[in-house]
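A.B. asks: Residue numbers (numbering that gives the first Met the number 0), protein chains in the order written: chain D, 0 to 267; chain A, 0 to 247.
Just so you know, the hints here were simulated from the structure itself, not pulled from any lab data.
Cβ atoms here follow ideal geometry from the backbone N, Cα and C, with glycine treated the same way.
Hints should not be assumed to be uniformly reliable.
Negatives, chain D to chain A, calculated, CB over 12 Å [to be verified]:
no.: 1; residue: Ile14
no.: 2; residue: Tyr17
no.: 3; residue: Gly23
no.: 4; residue: Tyr33
no.: 5; residue: Val37
no.: 6; residue: Trp89
no.: 7; residue: Ser99
no.: 8; residue: Pro100
no.: 9; residue: Leu101
no.: 10; residue: Leu128
no.: 11; residue: Arg227
no.: 12; residue: Leu262
no.: 13; residue: Leu263
Chain A stretches covered by chain D per the calculated footprint, using a threshold of three residues with CB under 8 Å from any CB of chain D [what the hints assert, rightly or not]:
no.: 14; region: 40-54
no.: 15; region: 169-179
no.: 16; region: 221-231
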Amino acid sequence: MTGMGASLGRIGALILRYVYLFKGSWPRTLELAYWPTVQLVIWGFITQHFLGSSAWLAQASGVLVTAVILWDVLFRGQLGYSISFLEELWSRNLGHLFVSPLRPWEFMAALTVVSLLRTLVGVLPAALLAGPLFGASVWDTGLPLVAFFGNLMLLGWALGMAITGLILRVGLGAESIAWAAIFILAPISAVYYPVDVLPSWLQSIAWALPPAYVFEGMRAVLFGEGFRLDLFLMALGLNAIYLTAGACIFLWNFRAARIEGRLLQMGE
Amino acid sequence: MAQPAIRAIGLTKRFGATLAVDGLDLTLHQGRTLALLGGNGAGKTTTISMLLGLLLPSEGVVHLFGHALEKQRSALLARVNFSSPYVDLPHRLSVRQNLNVYARLYGVVRPKDRIATLAEALELQPFLDRPVGGLSAGQKTRVGLAKALVNRPDLLLLDEPTASLDPDTADWVRGYLERYQAESGAAILLASHNMGEVERLAQDVVIMKRGRAVDRGEPEALLAKYGRETLEEVFLDIARGRGQGAAA
Numbered sequence: 000m001t002g003m004g005a006s007l008g009r010i011g012a013l014i015l016r017y018v019y020l021f022k023g024s025w026p027r028t029l030e031l032a033y034w035p036t037v038q039l040v041i042w043g044f045i046t047q048h049f050l051g052s053s054a055w056l057a058q059a060s061g062v063l064v065t066a067v068i069l070w071d072v073l074f075r076g077q078l079g080y081s082i083s084f085l086e087e088l089w090s091r092n093l094g095h096l097f098v099s100p101l102r103p104w105e106f107m108a109a110l111t112v113v114s115l116l117r118t119l120v121g122v123l124p125a126a127l128l129a130g131p132l133f134g135a136s137v138w139d140t141g142l143p144l145v146a147f148f149g150n151l152m153l154l155g156w157a158l159g160m161a162i163t164g165l166i167l168r169v170g171l172g173a174e175s176i177a178w179a180a181i182f183i184l185a186p187i188s189a190v191y192y193p194v195d196v197l198p199s200w201l202q203s204i205a206w207a208l209p210p211a212y213v214f215e216g217m218r219a220v221l222f223g224e225g226f227r228l229d230l231f232l233m234a235l236g237l238n239a240i241y242l243t244a245g246a247c248i249f250l251w252n253f254r255a256a257r258i259e260g261r262l263l264q265m266g267e
Numbered sequence: 000m001a002q003p004a005i006r007a008i009g010l011t012k013r014f015g016a017t018l019a020v021d022g023l024d025l026t027l028h029q030g031r032t033l034a035l036l037g038g039n040g041a042g043k044t045t046t047i048s049m050l051l052g053l054l055l056p057s058e059g060v061v062h063l064f065g066h067a068l069e070k071q072r073s074a075l076l077a078r079v080n081f082s083s084p085y086v087d088l089p090h091r092l093s094v095r096q097n098l099n100v101y102a103r104l105y106g107v108v109r110p111k112d113r114i115a116t117l118a119e120a121l122e123l124q125p126f127l128d129r130p131v132g133g134l135s136a137g138q139k140t141r142v143g144l145a146k147a148l149v150n151r152p153d154l155l156l157l158d159e160p161t162a163s164l165d166p167d168t169a170d171w172v173r174g175y176l177e178r179y180q181a182e183s184g185a186a187i188l189l190a191s192h193n194m195g196e197v198e199r200l201a202q203d204v205v206i207m208k209r210g211r212a213v214d215r216g217e218p219e220a221l222l223a224k225y226g227r228e229t230l231e232e233v234f235l236d237i238a239r240g241r242g243q244g245a246a247a
């Protein structure tokens, strides 16, 4: 087998490696769904508490619950990519992987698929429970939900690529970045409040990031304004830039790791 | 005439001011075993890393099977494999799962059959479904060897393949490598500081010191040149700067 068929085979092989990892440890699988569900419960009760006193919330009772689940898509998307990479460092397996025919882009493609699987396993239970528990169905968003989900996953992968590139350069000392980096975006992503709540100088930064467009788009749908194609296309365009930048950062650092001999040395 | 499995010309690696490998030329033909002999820090592992494309040389080129490694890395590496006690396989995966993943990474047709064959040949059945992390050093070495042979490589690079093994297991591994080479005609590059192992397995020896090839030849020729009985004595002569024929 040669060409694209061989590439798909190698990507599939690496995905299988992570599937084995989760099959062998049900606590790991359970942990994926644990935090999104806890978050849902907290924000579900917050919604119920403020529903009677907030006209804004009364217009669309699912706005906070949908926001928290979509924010988790971004968080899990990034984390799913970065943690899968860290698994290779923790098990000192990078050396074996990169003396095989595996190409760097195939490695990245496998990590994106694994990130998607981890995100779905993590977020789906919370999304399914939101209706029965709090009467706030995420699915009320309809088809635009796919557009929001897709854009947030793309940014999660872009961040994952950049962060793993950084870890390749700095080593496992930068591991905490994989866990914490995303939270710097949270205040300016307009997850729970509109962008115009932010000071004007922060608004400029927020509009340079895809999540602001996604969460404004989500509120537009839930408040009955319909699907905002302009916001969707802006998020998509920005994601194309960030994804290209993320891939370049990873590949540049991968080459640097080959020059400096870090692929064989990295690990715990 | 078939292209050599390895042809490296002027291989040099610098890490800042440190010269790890200095202008090394290597040629290894199919069906032969070349041993890189040298003390700690001689540049053996750095050389192997460059031959595998894991490390980019500062200068020089690597050709595998007549093709430049950097130009056809993925296709060439499909014909190569590697084993080292210093590079682990994922500990939480079972032996079978690890071999299945690597068989698929190398594009092995019918991986289940190949794993069954290797499990029988390398006596892996008793622990095939146990996590790699729970195996003894000897069992891990056999699993590492199975991974290295999963794609029936035409070129096998082994970094200290019997380090930390008891003499019985080490002898068994050497015997298996001899049989594999006799059956497949594969080329083997071996980095070791176990002189007995090198004398038994290698037809060609390159002795390295501080990144340079200080001498090379067939083991018998080196023994004759230095007037010594064993390669260990030759190695000590070179390591301690006594020069050829010092003890004669």
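A.B. asks: Find the hints from earlier in the document that the structure breaks and name them by number, from lowest to highest.
C.D. replies: 1, 2, 3, 6, 7, 8, 9, 12, 13, 15 and 16
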